[in-house]
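Make the full structure from the sequences, and use the hints.
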Amino acid sequence: MTDCRRLAQSACVAPDRAVVPESPVEGPPPFRALFETEFPYVFTALKRLGVRDSDLEDVTHDVFVAVYRSLPNYDATRPLRPWLFGTAFRVASDYRRLARHRRERLGDADAEPVDDEPAADDQVEATEERLLVVEALDALDLDRRAVLVMHDIDGHSIPDVADALSIPLNTAYSRLRIAREQFRAAIHRLRARQDHRRKARSPRVADARAGALGPPSREGGKG
Numbered sequence: 103m104t105d106c107r108r109l110a111q112s113a114c115v116a117p118d119r120a121v122v123p124e125s126p127v128e129g130p131p132p133f134r135a136l137f138e139t140e141f142p143y144v145f146t147a148l149k150r151l152g153v154r155d156s157d158l159e160d161v162t163h164d165v166f167v168a169v170y171r172s173l174p175n176y177d178a179t180r181p182l183r184p185w186l187f188g189t190a191f192r193v194a195s196d197y198r199r200l201a202r203h204r205r206e207r208l209g210d211a212d213a214e215p216v217d218d219e220p221a222a223d224d225q226v227e228a229t230e231e232r233l234l235v236v237e238a239l240d241a242l243d244l245d246r247r248a249v250l251v252m253h254d255i256d257g258h259s260i261p262d263v264a265d266a267l268s269i270p271l272n273t274a275y276s277r278l279r280i281a282r283e284q285f286r287a288a289i290h291r292l293r294a295r296q297d298h299r300r301k302a303r304s305p306r307v308a309d310a311r312a313g314a315l316g317p318p319s320r321e322g323g324k325g
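Going by my numbering, the sequence shown wraps up at 325, each residue one higher than the last.
Mixed in with the good hints, there may be bad ones.
What the hints assert, rightly or not - SDA-like mimics (lysine to any residue), calculated; alpha carbons at most 25 Å apart, straight line:
hint	residue 1	residue 2
1	149	133
2	149	233
3	149	181
4	301	279
5	301	232
6	149	230
7	149	188
8	149	240
9	149	236
10	149	280
Since the hints were made in silico from the structure, they are not lab data.
A quick note: this is a predicted structure, and the numbers were derived from the prediction, not measured.
Structure (structure tokens):
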């Protein structure tokens, strides 16, 4: 397993445990069962594609509206989740385009607040690693990010990725190669910045801890 895949799988988003393995079926699956079973997968896929946390539930429902409309045309001989991911990718593309236009109109006022408070000591490393991977994914174009997520995180084969995203097989391989290179470069750059921040923060933490101890006691100083 490449370092890129290991990082993305371990730190990007917690695995979806509420879903069941796919099983061959004849004809399209019932929509209600599909919605209840695969909602966590689609929700997580959208998060990995960069949909904001505050919009995830609404955009997930948008995906299932599209799924409902196209379900009669679903080929049951194809794997289900790559097909769902392809639908999620197209909805996420529209979402990101609209979100970009909204940010251009409103400036930074519409951006989600960033919590700069340090996490508890036993959570700092895991939190920073997860945020680092998410930020590295954000550095990728959505087309390349989708291939990386589908293959290196979800574990789908490149032929399934190409089919789900409606791109030539060679294009899928090319996007995966470039995405991995850009992801590794982003991880390296972000870790260097992270290390710099830790070093800058260390003296302030030491001073705060020293101040918390208070001045040395002068009791017993007179003889």
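Distance restraint between residue 149 and residue 181, which requires alpha-carbon spacing of 25 Å or less: The given pair, whose Cα atoms are some 21 Å apart, holds under the 25 Å limit.
If you draw a straight line from the CA of residue 149 to the CA of residue 230, is it 25 Å or shorter? holds, 17 Å
Within a Cα-Cα threshold of 25 Å, do residue 149 and residue 240 meet the stated pairing? Holds: residue 149 and residue 240 sit about 11 Å apart, inside 25 Å.
Please verify whether residue 149 and residue 236 have alpha carbons no more than 25 Å apart. holds, 9 Å
Taking 25 Å as the top limit, are the C-alpha atoms of residue 149 and residue 233 close enough? holds, 13 Å
Pair hint outcome, residue 149 versus residue 188 [Cα-Cα no greater than 25 Å]: With Cα atoms ~14 Å apart, residue 149 and residue 188 stay inside 25 Å; holds.
Quickly compare the C-alpha distance for residue 301 and residue 232 to 25 Å and report which way the hint goes. Holds, because 20 Å separates the two Cα atoms, which is no more than 25 Å.
For the pair supplied as a hint, residue 149 and residue 133, is the alpha-carbon distance within the 25 Å limit? Distance ~22 Å between residue 149 and residue 133 Cα, so the pair holds.
Proposed proximity, residue 279 with residue 301 (alpha carbon, max 25 Å): violated, 33 Å
Proposed proximity, residue 280 with residue 149 (alpha carbon, max 25 Å): Measuring from Cα to Cα gives roughly 21 Å; hence the hint holds.
Violated hint: 4 only; the structure is consistent with all others.
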